[in-house]
Amino acid sequence: MSKIIVMTSGKGGVGKTTSSAAFATGLALRGFKTVVIDFDVGLRNLDLVMGCERRVVFDFINVINGEAKLNQALIKDKRIENLYILPTSQTRDKDALSRDGVEKVLNELSKEFDYILCDSPAGIERGALMSLYFADHAIIVTNPEVSSVRDSDRILGVLNSRSRRAEQGLEPVTQQLLLTRYDPDRVERGEMLKVDDVLEILAIPLLGVVPESQAVLRASNVGMPVILDEASNAGQAYMDAVGRFLGEDIDHRFVNPQKKGLFSRLLRRSA
Amino acid sequence: MSIFSFFRSAPRPSAVQAKERLQIVMAHERAGRSGPDYLPMLQQELLAVIAKYVDIDQNKVEVKLDRGGDCSTLEVNIELPAREQAKAAAAAKAGDKPAGNDDAAAKRPVSGGSVNGSAKKRG
Ligand SMILES: Nc1ncnc2c1ncn2[C@@H]1O[C@H](COP(=O)(O)OP(=O)(O)O)[C@@H](O)[C@H]1O
Ligand SMILES: [Mg+2]
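Residue numbers (our numbering), protein chains in the order written: chain A, 1 to 271; chain B, 1 to 123.
Hints listed in this document are in silico derivations from the structure and should not be mistaken for laboratory results. Check the hints yourself; a few may be wrong.
Claimed, not checked - Straight line, CA to CA, 30 Å or less: simulated DSS-like cross-link-like pairs of lysine-lysine:
no., chain 1, residue 1, chain 2, residue 2
1, A, Lys11, B, Lys19
2, B, Lys52, A, Lys259
3, A, Lys76, A, Lys194
4, A, Lys3, A, Lys76
5, B, Lys19, A, Lys194
Whenever a hint applies, use it, and build me the whole structure from the sequences.
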């Protein structure tokens, strides 16, 4: 039986797709057979971030509609063993995601995969609801910024009331916070919410803190999940988060400003 | 840097304000979410009744349900406008024109008030 994870946030542009690509790759690197599904019907982007955009022939919606077999739509990653991508359609809209259709595909995937990772679209409408409905675990992607924190809280409410687990009175969906685009320098200057502030407000366990990093754009430019950039702080932060997700006890790095040399401090002062 | 900036108290960091604003707005939103379905309706109907008599500000009404072990409380907190304004508003609603001396009265310093109702129910 596989585990279903949803990467969700309510708000758009906070890093769900970036995190989905990184997380799925990290799980596969750890030896788990993993598939990452793009639920953002109409705005396909996961394929670009994963670097498989030219290999898309059939998609998730084709499979739901019975126009293609699952194994015709699944794309096997060229770099990592055990990693597959199920891209979405660019031409349909989110109504194409029927609950029965999604369930059928997830059931078929769960025969083969250890982890199924659902990359949620923004909002709290059909696409987002379908991506979280069947989840066992939710990773709440949040930026240290007021509207993102508030939207995350709304999504937590939705998970607690409108997921399959909530509706059927099962064990609740586990919820963990992934705080992304964190800028320790701005936090130190009092310009950005601290990790602890966000934790106090949302009151869920912390899975990881991913710093604001230029490596993310560089990686997406070339279609590589940032976790494969092992030298980057964002890549390392995602790797740590995957370890914690698997139950390992790993200290949080990248929460405090990096020590600066005299030269860059002088530069900063004169700037 | 001007010499005066030494004496000025440091401005409150914007992140502190962000946190406070979030705590307030989310306390509201969570209460609305966890409450029973009838709570928003109850609030609207209560408001409609009170608005017949007093001019109230929608933002100054709070309806809160606290679930306890064997006792729940429904708390209705309404901040009323200053007394004279309220009278004028009520008179206007009743179809009268506010009397001339009310105009004069309105210029006097006014004081606000607040009703706070609370109902308990064993459950
Ligand atoms: N840690 C980070 N540092 C810098 N930029 C980031 C980071 N995480 C995400 N981004 C950028 O933010 C934008 C939105 O990210 P994306 O993953 O597409 O968000 P979502 O899927 O939530 O809409 C992208 O341009 C991405 O490169
Ligand atoms: Mg996205």
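Hint check:
1. A:Lys11 with B:Lys19: Within the cut-off at roughly 18 Å; holds.
2. B:Lys52 with A:Lys259: Answer violated: Lys52 (chain B) to Lys259 (chain A) is near 64 Å, above 30 Å.
3. A:Lys76 with A:Lys194: violated (39 Å)
4. A:Lys3 with A:Lys76: With a Cα-Cα distance of about 19 Å, the restraint between Lys3 (chain A) and Lys76 (chain A) holds, given a limit of 30 Å.
5. B:Lys19 with A:Lys194: holds (9 Å)
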